[in-house]
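S.K.: Generate coordinates for the entire structure from the input sequences, incorporating the hints supplied.
These protein sequence lines are chains A and B, in that order.
Residue 121 in the working numbering sits at position 121 of the first sequence; the count goes up by one each step and never skips.
Residue 282 in the working numbering sits at position 282 of the second sequence; the count goes up by one each step and never skips.
These are calculated hints, taken from the structure and not from any lab test.
Ideal Cβ placement from N, Cα and C applies to all residues, glycine included.
Mixed in with the good hints there might be a few duds.
Claimed, not checked - Chain A side only, calculated, beta carbon under 10 Å to chain B, not exhaustive:
id, residue
1, VAL46
2, VAL56
3, ARG58
4, PRO68
5, ALA117
6, VAL149
7, ALA163
8, ALA195
9, LEU199
10, GLY217
11, LEU245
12, ARG249
What the hints assert, rightly or not - Listed next, the stretches of chain A that the computed footprint assigns to chain B, with coverage defined by at least 3 CB atoms under 8 Å from CB atoms of chain B:
id, stretch
13, 151–160
14, 267–278
15, 291–304
Unchecked claim - Here are the in silico distance ranges between beta carbons for each label pair:
id, chain 1, residue 1, chain 2, residue 2, range
16, B, GLU36, A, TRP94, 46 to 54 Å
17, A, ILE205, B, THR70, 27 to 35 Å
18, B, VAL208, A, THR57, 29 to 37 Å
19, A, ARG30, B, PRO193, 20 to 28 Å
20, A, VAL46, B, GLY161, 33 to 41 Å
21, B, PRO193, A, ARG34, 36 to 44 Å
22, B, THR247, A, PRO206, 51 to 59 Å
23, A, ILE205, B, VAL48, 18 to 26 Å
24, B, VAL39, A, ARG35, 56 to 64 Å
25, B, VAL39, A, SER174, 33 to 41 Å
26, B, VAL39, A, ALA261, 17 to 25 Å
Residue-level listing of the chains:
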Amino acid sequence: MTVPPPDALRARPRTASGTRGRTGPGRGERAVERRLAFWLLLPTLVALGLIVAYPVTRAVVRSVFDDPIRGDPDFVGFANYAEALWGFERVEFWNAFANTVLFTVVTVTIETLLGLAMALVMHRAFRGRGIVRVAVLLPWALPTAVSAVMWGWMLQPDGVVNALLGTDIVWGGSEWPAKWSIIFAEVWKTSPFVALLILAGLQTIPPHLYEAAAIDGASAWKRFTSITLPLVKPALVVAVLFRTLDALRMYDLPQILTGGANNTDTLSMLVVQAATSELRQGYGGALSTITFLFVFLCAFLLIRTIGANVFAGFGGEGGARR
Amino acid sequence: MGNATGSTAAAGAPAPARRRGGTATARRRRAPMTWESWVIAGGILLLVLYCLAPFYWMFVSSLKGPGEITDNSLWPAAPTLVNYRGVFGGENHFGYAVRNSIIIAVATTGLAMVIAVSCGYALARLRFRGRNLVLGLVLASSMFPGVAIVTPLYQLFSDWGWIDQYQAMVVPNISFALPLAIFVLTTFFREMPWELEEAARVDGCGPVGAFSRVILPLAAPGVATTALLVFFAAWNEYLISSVVSITLASNPVTVALAKFAGDTEFQQPFGSQMAAGVVVTVPLIVLVLLFQRRIVRGLSAGGFR
Numbered sequence: 001m002t003v004p005p006p007d008a009l010r011a012r013p014r015t016a017s018g019t020r021g022r023t024g025p026g027r028g029e030r031a032v033e034r035r036l037a038f039w040l041l042l043p044t045l046v047a048l049g050l051i052v053a054y055p056v057t058r059a060v061v062r063s064v065f066d067d068p069i070r071g072d073p074d075f076v077g078f079a080n081y082a083e084a085l086w087g088f089e090r091v092e093f094w095n096a097f098a099n100t101v102l103f104t105v106v107t108v109t110i111e112t113l114l115g116l117a118m119a120l121v122m123h124r125a126f127r128g129r130g131i132v133r134v135a136v137l138l139p140w141a142l143p144t145a146v147s148a149v150m151w152g153w154m155l156q157p158d159g160v161v162n163a164l165l166g167t168d169i170v171w172g173g174s175e176w177p178a179k180w181s182i183i184f185a186e187v188w189k190t191s192p193f194v195a196l197l198i199l200a201g202l203q204t205i206p207p208h209l210y211e212a213a214a215i216d217g218a219s220a221w222k223r224f225t226s227i228t229l230p231l232v233k234p235a236l237v238v239a240v241l242f243r244t245l246d247a248l249r250m251y252d253l254p255q256i257l258t259g260g261a262n263n264t265d266t267l268s269m270l271v272v273q274a275a276t277s278e279l280r281q282g283y284g285g286a287l288s289t290i291t292f293l294f295v296f297l298c299a300f301l302l303i304r305t306i307g308a309n310v311f312a313g314f315g316g317e318g319g320a321r322r
Numbered sequence: 001m002g003n004a005t006g007s008t009a010a011a012g013a014p015a016p017a018r019r020r021g022g023t024a025t026a027r028r029r030r031a032p033m034t035w036e037s038w039v040i041a042g043g044i045l046l047l048v049l050y051c052l053a054p055f056y057w058m059f060v061s062s063l064k065g066p067g068e069i070t071d072n073s074l075w076p077a078a079p080t081l082v083n084y085r086g087v088f089g090g091e092n093h094f095g096y097a098v099r100n101s102i103i104i105a106v107a108t109t110g111l112a113m114v115i116a117v118s119c120g121y122a123l124a125r126l127r128f129r130g131r132n133l134v135l136g137l138v139l140a141s142s143m144f145p146g147v148a149i150v151t152p153l154y155q156l157f158s159d160w161g162w163i164d165q166y167q168a169m170v171v172p173n174i175s176f177a178l179p180l181a182i183f184v185l186t187t188f189f190r191e192m193p194w195e196l197e198e199a200a201r202v203d204g205c206g207p208v209g210a211f212s213r214v215i216l217p218l219a220a221p222g223v224a225t226t227a228l229l230v231f232f233a234a235w236n237e238y239l240i241s242s243v244v245s246i247t248l249a250s251n252p253v254t255v256a257l258a259k260f261a262g263d264t265e266f267q268q269p270f271g272s273q274m275a276a277g278v279v280v281t282v283p284l285i286v287l288v289l290l291f292q293r294r295i296v297r298g299l300s301a302g303g304f305r
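M.R.: If you want it as structure tokens, here you go:
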């Protein structure tokens, strides 16, 4: 896999084993340790092998066979892939692809900006920290299914959102309102969570930096851009990375809120439709392979472009954050 | 609830380091409120409102009778429990769904934790070759989109007669829960002092003894936090369940709730949907109130989801 192992996770045990070096475990003990490690890791490897690697492999293999009405499937090479990308189904596929990318880019952008603003406010709040923390955790803890149903209710034509806005938009009735309602619901649920991740990063910034900058006469904006932003970047990057990967596989929310009506299908929804209601295992396998290759490509590009120190921030601060 | 106020008070007093760091600003702040602190206070108010208003609306709507449900009044003129009766009586049988979800989430949590604790301990504490490979595998599987396994699992489970069985949801849930649990636990295990384990070894414990007698009891809070995160994830799972659980008898709450919506296109039972939403949310609110500090810590350790 192209994903580099977390730097911090790699680096720390070295120091740790260095500490351990003091007592210097003997050769026999190290063998015991290795054997123990093998047995401790075995359940994880078996579980991931059976529940992730095997089904994924099966889907990839199945994707090069066709879907006959009756009888056994025949080998068809990349026909299923061609079907999705430029065959009869291409409009459906590229619409779902465009929707997935749109939802991801728009929600992650809004969530990051909103989350940063929320984190800055939470960082400064001295009183009521616990209440704020509970409030912020609740949208995260709520099942997406419940959130979707709840927003479905609030976005009714005569619902509370229209009442507050003084509009009478039929949110589920046409393409862009339907898309925006998905974006609203997603942003509502996840930006508080992004805020928590960013807050954890903010709390690692030593306050004396700000005091020194204030003494030097730096304006609030200057302090924000030259202290806060660079130092909170690792946390920000982690939040963006994981939110992007999550948004790319969005399924529950659009499925329940719009059911894919008005061109709101995502890639994940297409895969599930193909596999279940259409019973097209081969085509569904091709779609799922395309989807996860795309997700991995995005993960790879994100890690390459926004910095290899992503995981240093992710694992490294875990300890420092207390 | 008493507990909640207790932890809020505790949270009100930040860690010593922050307090020390904050004194300069705190002293300045004791003077009449500056414009800056007004902005912060306003921001906090907006933030809390933003997070809680939809919950409030769900709760209020659940108390409105059929005549009032579309009124958009901030409080029902005649609060009624008719929606709750609709949820648990009649054709909805939401009680089954709650029971199913509890069974599925508890089984997932139990199994995933046993596997993840051993893996997390090995990754955090033991020296062996291939450590980075295992980490990479776990990380990679955390990035897998759930749909990549839906198609083949649906087919496999149909062949095995697992459709509508609890294990058809528990087993795939473990694949989502494991990477999260392993990352959080590895972080927790690594933070524990080495000296204790060494002392145990000197006193004649082998690695196994040191693990089970010294490290595991010490790690209990971290393990509990991780279990809580896994429980949330399992309770909230929808994708796999919606595919492999077809009848009401095996639907978890997420699927059952979404199904209320799908039945009739024009007259959706919004009152009972909101009541069902409240029923699903209340246990989560209680858990969040009780464990908010732990959850935040666990989330920071895992860095995702």
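S.K.: Against each hint, give a clear statement of whether it holds in the structure.
M.R.: These are the hints, each one checked on the structure:
{"no.": "1", "hint": "VAL46", "verdict": "holds, 9 Å"}
{"no.": "2", "hint": "VAL56", "verdict": "holds, 5 Å"}
{"no.": "3", "hint": "ARG58", "verdict": "holds, 4 Å"}
{"no.": "4", "hint": "PRO68", "verdict": "violated, 15 Å"}
{"no.": "5", "hint": "ALA117", "verdict": "holds, 8 Å"}
{"no.": "6", "hint": "VAL149", "verdict": "holds, 5 Å"}
{"no.": "7", "hint": "ALA163", "verdict": "holds, 5 Å"}
{"no.": "8", "hint": "ALA195", "verdict": "holds, 8 Å"}
{"no.": "9", "hint": "LEU199", "verdict": "holds, 9 Å"}
{"no.": "10", "hint": "GLY217", "verdict": "violated, 16 Å"}
{"no.": "11", "hint": "LEU245", "verdict": "holds, 6 Å"}
{"no.": "12", "hint": "ARG249", "verdict": "holds, 4 Å"}
{"no.": "13", "hint": "151–160", "verdict": "holds (count 8)"}
{"no.": "14", "hint": "267–278", "verdict": "holds (count 7)"}
{"no.": "15", "hint": "291–304", "verdict": "holds (count 5)"}
{"no.": "16", "hint": "GLU36/B x TRP94/A: 46 to 54 Å", "verdict": "holds, 49 Å"}
{"no.": "17", "hint": "ILE205/A x THR70/B: 27 to 35 Å", "verdict": "violated, 49 Å"}
{"no.": "18", "hint": "VAL208/B x THR57/A: 29 to 37 Å", "verdict": "holds, 34 Å"}
{"no.": "19", "hint": "ARG30/A x PRO193/B: 20 to 28 Å", "verdict": "holds, 21 Å"}
{"no.": "20", "hint": "VAL46/A x GLY161/B: 33 to 41 Å", "verdict": "violated, 23 Å"}
{"no.": "21", "hint": "PRO193/B x ARG34/A: 36 to 44 Å", "verdict": "violated, 23 Å"}
{"no.": "22", "hint": "THR247/B x PRO206/A: 51 to 59 Å", "verdict": "holds, 58 Å"}
{"no.": "23", "hint": "ILE205/A x VAL48/B: 18 to 26 Å", "verdict": "holds, 24 Å"}
{"no.": "24", "hint": "VAL39/B x ARG35/A: 56 to 64 Å", "verdict": "holds, 60 Å"}
{"no.": "25", "hint": "VAL39/B x SER174/A: 33 to 41 Å", "verdict": "holds, 38 Å"}
{"no.": "26", "hint": "VAL39/B x ALA261/A: 17 to 25 Å", "verdict": "violated, 41 Å"}
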